[in-house]
Amino acid sequence: MRIALDISVLNNNQRSGIAVYTYNLIDALLKNNNNDHFVLFGIATFETFDYLKNLSLKNYPNVEMKIFKMPARFFRTSFLLWQKLNWPTIEKFIGVVDILHSFNWYMPPQINGKKVGTIFDLTSLTHPEWHQAKTTQLDKVRFARLANADLVITISESSRKDYSKLYPNARLEIVYPAVSSIFNGKIDKNLTRKILQKYIIKKDFFLSVATIEPRKNLSGLIKAYLKSKLQNQLILVGGAGWKNSEIKKFVQNQDRIKFAGFIPEEDLHVLYQQALCLIYPSLYEGFGLPI
Numbered sequence: 001m002r003i004a005l006d007i008s009v010l011n012n013n014q015r016s017g018i019a020v021y022t023y024n025l026i027d028a029l030l031k032n033n034n035n036d037h038f039v040l041f042g043i044a045t046f047e048t049f050d051y052l053k054n055l056s057l058k059n060y061p062n063v064e065m066k067i068f069k070m071p072a073r074f075f076r077t078s079f080l081l082w083q084k085l086n087w088p089t090i091e092k093f094i095g096v097v098d099i100l101h102s103f104n105w106y107m108p109p110q111i112n113g114k115k116v117g118t119i120f121d122l123t124s125l126t127h128p129e130w131h132q133a134k135t136t137q138l139d140k141v142r143f144a145r146l147a148n149a150d151l152v153i154t155i156s157e158s159s160r161k162d163y164s165k166l167y168p169n170a171r172l173e174i175v176y177p178a179v180s181s182i183f184n185g186k187i188d189k190n191l192t193r194k195i196l197q198k199y200i201i202k203k204d205f206f207l208s209v210a211t212i213e214p215r216k217n218l219s220g221l222i223k224a225y226l227k228s229k230l231q232n233q234l235i236l237v238g239g240a241g242w243k244n245s246e247i248k249k250f251v252q253n254q255d256r257i258k259f260a261g262f263i264p265e266e267d268l269h270v271l272y273q274q275a276l277c278l279i280y281p282s283l284y285e286g287f288g289l290p291i
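In our numbering, the protein residues as written are 1 to 291.
Any given hint might turn out to be false.
Unchecked claim - Simulated pairs of lysine to any residue, SDA-like, Cα-Cα distance not exceeding 20 angstroms:
| id | residue 1 | residue 2 |
| --- | --- | --- |
| 1 | Lys202 | Asp267 |
| 2 | Lys202 | Asp188 |
| 3 | Lys114 | Leu151 |
| 4 | Lys115 | Lys140 |
| 5 | Lys227 | Arg256 |
| 6 | Lys114 | Asn86 |
| 7 | Lys58 | Leu25 |
| 8 | Lys198 | Gln233 |
| 9 | Lys258 | Thr211 |
| 10 | Lys66 | Asn104 |
| 11 | Lys134 | Leu25 |
| 12 | Lys227 | Pro281 |
Claimed, not checked - Pairwise CB distance ranges (calculated):
| id | residue 1 | residue 2 | range |
| --- | --- | --- | --- |
| 13 | Phe262 | Lys31 | 24 to 34 angstroms |
| 14 | Asp150 | Gln197 | 24 to 34 angstroms |
| 15 | Ile182 | Asn148 | 35 to 45 angstroms |
| 16 | Gly261 | Ala224 | 20 to 30 angstroms |
| 17 | Lys31 | Pro264 | 20 to 30 angstroms |
| 18 | Asp36 | Ile182 | 19 to 29 angstroms |
| 19 | Pro281 | Gln197 | 21 to 31 angstroms |
Rather than coming from a laboratory, the hints here were simulated on the basis of the structure. The beta carbon of each residue, even a glycine, is placed where N, CA and C say it ideally should be.
Hey, can you work out the whole structure from these sequences and the hints?
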C-alpha cells in the first residue's frame, strides 16, 4: 500500500505532547513495517522548512518526503480557505494514496483512498475560555471535517467519549500514548550533576511539566506553592503557550520558582528521576503524557 502520514505538527524541534506522540507513533510504524510505501507529507513555514524535510524519519528506506512551505502569517487563513473550497485535493501534492492519516491539523480534500484522523482532546470546543478565539474557530471546522473520516483515532477513553458526544456516528478507535524509550534506565551521577548545574537546580525540587497555558492550572499551583512557604524549588518546564500573563505575574521576584522553558527529553529524563515529586494540576487532559 501507499500510505500518507501528515507530519505538519512536527515542524518545531520543541515538541510538546501532540508532537511527541505523533513522532514516536510514526517512527514505530516505519520501524516495524517494511512492506508498505510511506509518504510523509507536511506543510512548514519558511523558517521550519529545512528542519521538517530533514527529520530522521526520512532515513527509512520505504519513505518519501513531500514537504511544502508557506509564510507563517498565511497558515490559518490558508487552512480555512482550503477546507471551504475543498480544492485542490491532496492528490495534487502527493499523488494517489491508499490511506491518508492526518494528525491534529485538518482533513485535506481527498478523492481516492481511506481517510484517518487523530483527535487528542476537544478542549477548544468544550472550554473555549482556555484557548485563543482563532484556535476555536479553526477547530470547529477541523472537527466537523474529521467526522467524515473512515476512522477517527483518539488517545484515551475520555477523548473518545467527548468526541462521540459531538459526532455519535463517527467510527472511533483508541491508540494510547506510550513512554519513549529515552526514559528507560538509570542515569550516572556525573550526568545528573551536569544537568542540574546546567539549569541551576538544587536537589529535592518540585517539578511541573506543561505548556504554559490556562488549562494546565499553573496559576493554581503557584498560589498553593507560595502559600505553603516551602523552601524547595518549584521548577516549571514547558514552552510558552498563550494567555499566560497572570502566571508570570505571580512569580515576579520569586527566586524559589524557576521557569526552565522547553527542555529536551534527554535532559528531562534526569529531572524526572531527581525531582522530589512531579506535580500535575491540569484542569483537563486528553491523556496527560508527563504522568
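Verification of the supplied hints:
Under the criterion of a C-alpha separation no larger than 20 angstroms, the hint pairing Lys202 with Asp267 is consistent with the structure, at around 15 angstroms. For the given pair, Lys202 sits about 17 angstroms from Asp188 by alpha-carbon distance, which is consistent with the 20 angstroms threshold. Proximity of Lys114 to Leu151 is assessed by CA-CA distance (about 8 angstroms); at most 20 angstroms being required, the pair is judged to hold. With a C-alpha separation of about 18 angstroms, the suggested pair Lys115 and Lys140 falls inside the 20 angstroms cut-off, and the hint holds.
Distance restraint check for Lys227 and Arg256: the Cα-Cα separation of roughly 13 angstroms lies within the 20 angstroms cut-off, and the hinted pair is therefore satisfied. Distance check on the hinted pair: Lys114 and Asn86 sit about 17 angstroms apart at the alpha-carbon level, within 20 angstroms; holds. A threshold of 20 angstroms between alpha carbons decides the hint, and for Lys58 with Leu25 the separation of about 15 angstroms falls inside it, so the pair holds. This hinted pair checks out: Lys198 and Gln233 have alpha carbons roughly 15 angstroms apart, not beyond 20 angstroms.
Our distance criterion of 20 angstroms between C-alpha atoms is met by Lys258 and Thr211, whose separation comes to about 14 angstroms. A hinted pair counts as satisfied when its Cα atoms are at most 20 angstroms apart, and Lys66 with Asn104 qualifies at roughly 18 angstroms. Among the hinted pairs, Lys134 with Leu25 is inconsistent with the structure: their alpha-carbon atoms are about 28 angstroms apart, more than 20 angstroms. This hinted pair checks out: Lys227 and Pro281 have alpha carbons roughly 16 angstroms apart, not beyond 20 angstroms.
Against the hinted window of 24 to 34 angstroms, the Cβ-Cβ separation of Phe262 and Lys31 comes to about 26 angstroms, which satisfies the hint. Our hint of 24 to 34 angstroms for Asp150 and Gln197 is violated, since their Cβ atoms are close to 52 angstroms apart. Between Ile182 and Asn148 the beta carbon distance is about 37 angstroms. The supplied range of 35 to 45 angstroms therefore holds. Between Gly261 and Ala224 the CB atoms are about 22 angstroms apart, so this pair conforms to the stated range of 20 to 30 angstroms.
The hinted window of 20 to 30 angstroms between Lys31 and Pro264 holds, with their beta carbons roughly 21 angstroms apart. Roughly 26 angstroms separates the CB atoms of Asp36 and Ile182, a value that falls within the hinted 19 to 29 angstroms. The hint said 21 to 31 angstroms for the Cβ distance between Pro281 and Gln197, and at roughly 28 angstroms that hint holds.
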